[in-house]
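There are 2 protein chains.
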Amino acid sequence: MRKTQTPAARKATIDDVAALAKVSIKTVSRVFNSEPNVRPTTRERVLAAAKELDYRPNLSARRLAAKRAFVIGLLYDNPQSDYIIAIQEGSLEICRQYGYQLLIHPCSDVGANLVDEVLSLKHQGIVDGFLLSQPISENEVLLGALTEQGIPHVRISQRAIGDAPRVAVDDEQAALRLTEHLIELGHHRIGFVMGHPDHGSSHDRYDGYVKAMRGAGLPIDASWVEQGTYNFESGYAAARRLLTLSPRPTAIFACNDHMAMGVLVAAHERRLEIPADLSVCGFDDTPMAHYAWPPLTTSRQPIKQVALIATEVLLKRIQGGSEGDDHFLLHSELVRRDSTGPCPEGP
Amino acid sequence: MRKTQTPAARKATIDDVAALAKVSIKTVSRVFNSEPNVRPTTRERVLAAAKELDYRPNLSARRLAAKRAFVIGLLYDNPQSDYIIAIQEGSLEICRQYGYQLLIHPCSDVGANLVDEVLSLKHQGIVDGFLLSQPISENEVLLGALTEQGIPHVRISQRAIGDAPRVAVDDEQAALRLTEHLIELGHHRIGFVMGHPDHGSSHDRYDGYVKAMRGAGLPIDASWVEQGTYNFESGYAAARRLLTLSPRPTAIFACNDHMAMGVLVAAHERRLEIPADLSVCGFDDTPMAHYAWPPLTTSRQPIKQVALIATEVLLKRIQGGSEGDDHFLLHSELVRRDSTGPCPEGP
Chain A
1 MRKTQTPAAR
11 KATIDDVAAL
21 AKVSIKTVSR
31 VFNSEPNVRP
41 TTRERVLAAA
51 KELDYRPNLS
61 ARRLAAKRAF
71 VIGLLYDNPQ
81 SDYIIAIQEG
91 SLEICRQYGY
101 QLLIHPCSDV
111 GANLVDEVLS
121 LKHQGIVDGF
131 LLSQPISENE
141 VLLGALTEQG
151 IPHVRISQRA
161 IGDAPRVAVD
171 DEQAALRLTE
181 HLIELGHHRI
191 GFVMGHPDHG
201 SSHDRYDGYV
211 KAMRGAGLPI
221 DASWVEQGTY
231 NFESGYAAAR
241 RLLTLSPRPT
251 AIFACNDHMA
261 MGVLVAAHER
271 RLEIPADLSV
281 CGFDDTPMAH
291 YAWPPLTTSR
301 QPIKQVALIA
311 TEVLLKRIQG
321 GSEGDDHFLL
331 HSELVRRDST
341 GPCPEGP
Chain B
1 MRKTQTPAAR
11 KATIDDVAAL
21 AKVSIKTVSR
31 VFNSEPNVRP
41 TTRERVLAAA
51 KELDYRPNLS
61 ARRLAAKRAF
71 VIGLLYDNPQ
81 SDYIIAIQEG
91 SLEICRQYGY
101 QLLIHPCSDV
111 GANLVDEVLS
121 LKHQGIVDGF
131 LLSQPISENE
141 VLLGALTEQG
151 IPHVRISQRA
161 IGDAPRVAVD
171 DEQAALRLTE
181 HLIELGHHRI
191 GFVMGHPDHG
201 SSHDRYDGYV
211 KAMRGAGLPI
221 DASWVEQGTY
231 NFESGYAAAR
241 RLLTLSPRPT
251 AIFACNDHMA
261 MGVLVAAHER
271 RLEIPADLSV
281 CGFDDTPMAH
291 YAWPPLTTSR
301 QPIKQVALIA
311 TEVLLKRIQG
321 GSEGDDHFLL
331 HSELVRRDST
341 GPCPEGP
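Chains as they are written, first to last, in the UniProt record's numbering: chain A, 1 to 347; chain B, 1 to 347.
Hints were generated in silico from the structure; no laboratory data involved.
Don't take each hint at face value.
As a list, the in silico DMTMM-like pairs of lysine to aspartate or glutamate whose alpha-carbon atoms are at most 20 Å apart [what the hints assert, rightly or not]:
hint	chain 1	residue 1	chain 2	residue 2
1	A	Lys211	A	Glu333
2	A	Lys316	A	Asp16
3	B	Lys22	B	Glu44
4	A	Lys51	A	Asp16
5	A	Lys211	A	Glu184
6	B	Lys51	A	Asp109
7	B	Lys11	A	Asp116
8	B	Lys304	B	Glu93
9	B	Lys304	A	Asp77
10	A	Lys51	B	Asp54
11	A	Lys304	B	Glu93
12	B	Lys211	B	Glu333
13	B	Lys51	A	Glu117
14	A	Lys304	A	Glu93
15	A	Lys11	B	Asp116
16	B	Lys51	A	Asp116
17	A	Lys51	B	Asp116
18	A	Lys122	B	Glu269
19	A	Lys51	B	Asp109
20	B	Lys122	A	Asp54
Produce the entire structure from the sequences given, and follow the hints as far as they go.
In structure tokens:
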């Protein structure tokens, strides 16, 4: 690749870059140290000038001097692909803006070595801090160790544990809204499939369902509530039980889209028309909700947005720019598709 | 957390660990330097002894001394979640065995800064080498730069470009087998939805389809072959065109499961019974294939296995243990489910 050469083909310096980009040397330095508060247009101009001149700052030296890795670690346990990819995408978008890299470290929430394993990533200088997703973000032993050692971390969780910043979606409110949607369609017997018992989100969604039913003065029969584990198979098994009840629920609310896909298959096997005979809704709005037959009514979670905010809060902490309690609670959006319709028994 | 203490509560040394684990000091050192050829049982014993004694080797020093990051980078562009999560899982499994970490770096195959961006990860000492997935693994400019600078890398690709090791699935063979399955069921008019034109895999799968049709002496009408892009919408749009042909294809082979889900929805909208009126097959065996209605016949790709092998080859190269041309071609497995059946027009 040919590059524009400085006069005597000598190695370009930071002065050359500053001159070409028409900014101060300090600004060039700030761009290459990934410091915040550099205007995007300025940053672009500096990077373009550096590229033009083939300027290569000594970046290993930068890492040693800053005593920072310029890498953050994402911790999670046994994820749904769509969920964790959305988290990764959001986090990478911010990392890129700040000149950081993302290291992924799935680990077992119940693993005996969890704490040692995580701390050693920081002690080895591999990462500067951690982004924790559920259920790792609710592991009190790990959270205690991170806090004690002053290691920057941000939790994706709605549960208040310790002082670390947390970012989450208001699951209860979203589930309340979905349940109200079913009630507005005339449904009274609404089955509910819970998610994994170790995830706070499952309990919050259940609370939203209960609140909506009570708000409408509707009773909840214990036989309508089934325990699932957030996977397809558990939704399928739960629906097979719910669909043999007499009288049968006229709607089923599954706590995530994977389980709702299982409900759809169980209903198709019994030759039930959806939504004419049974309304079904999921939660999350994964791509799958859109591909289902019929397409699923669900709650669109702003997962990527959660990761964007959590990563920005983390990077500001790592760079010493913020120490306050930052807690964010984001809202979901009800997405109506063809899997829910009027109650077959009328309003 | 309470730990067993050495006699005078002094800090444990490498000698203490060697004594407790009943191995030589050299072996302890090899375990902590993630060198290969330590027996798993020995490794476990050393780690257990280190844990028992709360021994903490100076791992930052280890990284500086070894001039290695003990991190590898995974490069990819715009992935399907299930595919990239399987790659990440396979890669992490081997990384864990070797004491390495995985950094993820999605990047644009057509981005102007791709080469600078990737090389800088190595120049900054953030990673020791790269695992490249499609289509980045077929970017000749990037491959040329990595080779020129002697940066270890392994390609997930079937295309021979340069000398770097490559690992792939035999897509042509798998597509040939799926097409033969449809022909055995009596289908002669078989529609085909291609994947993204920039991915070699799409062309290989098409070649397999052509080979099977020719092998059975069947003609291929140009109108039966539609261009897709590997996403749901492109499969849906292609099927809407294919299903208006007269005579209509009796089977549609979509080049991945996402597009096959789109074919199913287009068929459901036309009230076609599957497989009675139309057989549909996908490719990849993503979880979605199993959740579809009806569940999809597809080809189960050993994606995780590809990542396991590619990562092991990469780590051996980084550790200087191998320099030969390592090329691996893995086989897929035909998975018959309910979306394919006998041709409605008879054999």
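The hints, checked one at a time:
no.: 1; hint: A/Lys211 to A/Glu333; result: holds, 18 Å
no.: 2; hint: A/Lys316 to A/Asp16; result: violated, 30 Å
no.: 3; hint: B/Lys22 to B/Glu44; result: holds, 12 Å
no.: 4; hint: A/Lys51 to A/Asp16; result: holds, 12 Å
no.: 5; hint: A/Lys211 to A/Glu184; result: holds, 15 Å
no.: 6; hint: B/Lys51 to A/Asp109; result: holds, 19 Å
no.: 7; hint: B/Lys11 to A/Asp116; result: holds, 17 Å
no.: 8; hint: B/Lys304 to B/Glu93; result: holds, 10 Å
no.: 9; hint: B/Lys304 to A/Asp77; result: holds, 18 Å
no.: 10; hint: A/Lys51 to B/Asp54; result: violated, 48 Å
no.: 11; hint: A/Lys304 to B/Glu93; result: violated, 26 Å
no.: 12; hint: B/Lys211 to B/Glu333; result: holds, 18 Å
no.: 13; hint: B/Lys51 to A/Glu117; result: holds, 11 Å
no.: 14; hint: A/Lys304 to A/Glu93; result: holds, 10 Å
no.: 15; hint: A/Lys11 to B/Asp116; result: holds, 17 Å
no.: 16; hint: B/Lys51 to A/Asp116; result: holds, 9 Å
no.: 17; hint: A/Lys51 to B/Asp116; result: holds, 9 Å
no.: 18; hint: A/Lys122 to B/Glu269; result: violated, 54 Å
no.: 19; hint: A/Lys51 to B/Asp109; result: holds, 19 Å
no.: 20; hint: B/Lys122 to A/Asp54; result: holds, 17 Å
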